[in-house]
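Trainee: Work out the full structure: start from the sequences and follow the hints.
Which chain is which? The protein sequence lines are V and Y, in order.
Numbering-wise, my numbering puts 187 at position 187 of the first sequence, and it's gapless, one number per residue.
Numbering-wise, my numbering puts 182 at position 182 of the second sequence, and it's gapless, one number per residue.
Derived by calculation from the structure, the hints in this document are not laboratory data.
Don't take every hint at face value.
In this list, chains with the same sequence are indistinguishable; a pair is considered to hold if it fits within one copy or across any two.
[Unchecked claim] EDC-like, lysine to aspartate or glutamate: derived pairs with alpha carbons at most 20 Å apart: (1) 235 x 277; (2) 235 x 54; (3) 235 x 137; (4) 9 x 21; (5) 252 x 201; (6) 322 x 309; (7) 252 x 224; (8) 38 x 98; (9) 252 x 227; (10) 143 x 78.
Quantities reported herein were computed from a predicted structural model and do not represent experimental measurements.
There are 2 protein chains.
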Amino acid sequence: MNRVILLKKRPVGKPTLHDFEFTSAAIPVPLTGHVLLKTLYVSVDPYLRGRMNDSKSYIPPFEIGKPIQSGIIATVIDSKQTEFRKGDFVSGILDWKEYQVSDGNGLTKVDPKASPLSSYLGILGMTGLTAFLGLTEIGVPEKGETLVVSGAAGAVGSVVGQIGKIMGCHVVGITGTDVKAGLLKSKFKFDHAINYKTSPDLKEAVRKSCPGGVDIYFDNVGGEISDAVLANINKYARLPVCGAISQYNDMKTPVGPRVQPILLTKSATMRGFIVSDFSAKFPAAIKQLAVWLREGKLTYVETIVEGFENIPQAFLDLFDGKNEGKMIVKI
Amino acid sequence: MNRVILLKKRPVGKPTLHDFEFTSAAIPVPLTGHVLLKTLYVSVDPYLRGRMNDSKSYIPPFEIGKPIQSGIIATVIDSKQTEFRKGDFVSGILDWKEYQVSDGNGLTKVDPKASPLSSYLGILGMTGLTAFLGLTEIGVPEKGETLVVSGAAGAVGSVVGQIGKIMGCHVVGITGTDVKAGLLKSKFKFDHAINYKTSPDLKEAVRKSCPGGVDIYFDNVGGEISDAVLANINKYARLPVCGAISQYNDMKTPVGPRVQPILLTKSATMRGFIVSDFSAKFPAAIKQLAVWLREGKLTYVETIVEGFENIPQAFLDLFDGKNEGKMIVKI
Chain V
1 MNRVILLKKR PVGKPTLHDF EFTSAAIPVP LTGHVLLKTL YVSVDPYLRG RMNDSKSYIP
61 PFEIGKPIQS GIIATVIDSK QTEFRKGDFV SGILDWKEYQ VSDGNGLTKV DPKASPLSSY
121 LGILGMTGLT AFLGLTEIGV PEKGETLVVS GAAGAVGSVV GQIGKIMGCH VVGITGTDVK
181 AGLLKSKFKF DHAINYKTSP DLKEAVRKSC PGGVDIYFDN VGGEISDAVL ANINKYARLP
241 VCGAISQYND MKTPVGPRVQ PILLTKSATM RGFIVSDFSA KFPAAIKQLA VWLREGKLTY
301 VETIVEGFEN IPQAFLDLFD GKNEGKMIVK I
Chain Y
1 MNRVILLKKR PVGKPTLHDF EFTSAAIPVP LTGHVLLKTL YVSVDPYLRG RMNDSKSYIP
61 PFEIGKPIQS GIIATVIDSK QTEFRKGDFV SGILDWKEYQ VSDGNGLTKV DPKASPLSSY
121 LGILGMTGLT AFLGLTEIGV PEKGETLVVS GAAGAVGSVV GQIGKIMGCH VVGITGTDVK
181 AGLLKSKFKF DHAINYKTSP DLKEAVRKSC PGGVDIYFDN VGGEISDAVL ANINKYARLP
241 VCGAISQYND MKTPVGPRVQ PILLTKSATM RGFIVSDFSA KFPAAIKQLA VWLREGKLTY
301 VETIVEGFEN IPQAFLDLFD GKNEGKMIVK I
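Mentor: As structure tokens, then:
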């Protein structure tokens, strides 16, 4: 049997299990030039929420009744071509299916001897690239500057903070539980960690933990957390906008303090991005990340959920902050 | 007699004449190394409102009981130094006084034979520099792109639009009266002009006048006008934030739709600036502006008010959009 997960209907506000549909299909047979893949690890990511809406975004929306797609690590179990052979491991944006065929387009070979397979969905995949390129291309950290990261214990945030430390920044992370705050300091070596849920005055908490003001704000969450950081930015601050998880499920246009007056008085730059904006720099970035990983300068955590049937719930759990680091489903 | 205008108290909300105080002093005598200046033209600018607040901004606040300062053209009527001689014309950030002494620091000689004296406060001064450098350094216009300018009939806006045309852009201006909208098209050669006060749906009006979407939004005003433009930006849009005149007199933090989700889905860049951020590029920029002016590719309008006693009212009139182009007081 080959289980498949479809988008049943477009979520209204926060997604629920009812928005997904499980179905099954035959295991396909690869034609000439194709490979048959068996799914091993599935990445669930906040950005997928955007693709569930019927609106133009940076990538086309998922279609109702069609499989959802995300980053997947698979193994080649049958091959009718020469580039990818039986036994190879690959990563790619693939369907939420246990088995699928591919013409090889968009697949990248990954090496389980060099790094654990799941890491190619995280620190050596889109997560690591997003953190590295968003921080270095937009944040442009300089030694001695102060970097604040929101969603800091998440997959991207935890890498951003570590790279900030490697580059000599004072690094402050904002997260939503004391356990995660502890993890930021103990495992990821952030200088300070703020639990926004227990801070009576977040603006003041940011001010205290950033005595020199905020030079770079790597924004994964948006909303009121970002308002508190913006109130503390320095002249010429850079603000990469990587995500807005606090707003993805909003049903009305979110409102908040206007940012233009702050950007104006601070000559500050706020720039949204998606990792593919920097695709020309992927090979060099992956090389650098792998070096730091090997040298022990970078570390990562994963929240691994087991079972194909648990993919939708793992995705939903992202919006309740149930993951530490990268959320991955092992099949 | 030497009339002087002081900041009497910090305005609460919209400034009034009661926030200013007229006083008089003796005409000073220049010491060795100094010059005595007679004020000829005074620039009044929206950004001065920010300096009237007691808050840290890009330049220090005016002090209560001290003269207000702005861009001024003066003539040297007595000189005890060699760089600036009697009869020279100079521009600089000077006090709102009929006569004042200076050590020459910050003064620039201007040539009334090359261009009218008042133009050195506008198109060949801070106004022209702000327009040129904000547009070229942050907007980075490319031929065929669409540029939207708010506050388009103002001093900076009218120059931005013309430079956009020189650079091959489709240029749309937003302004607040039909007369100004007419001026944008007839005198400044904008492709379209929108009167936001008579547009029932500004977002739709921008959409219609920008069939290819908005690549650059040069923002002088902030607020709901900017919301309408942001709803129409293209992927990789650039948004120089030059001013926020609609918010300068707000007594509470202005709120509006959050921009981060839009910047994120469009990989767009919003950047605040003040012209001095680009001071290294002033000489080249002034040279280019002078060439365009001489070639007839650039034109400008001024609203000239006469009389030292009318400086405060001319400043207040900016917030009611009573100026077309640069607002200047002739003494």
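Trainee: Which hint numbers doesn't this structure obey?
Mentor: 10
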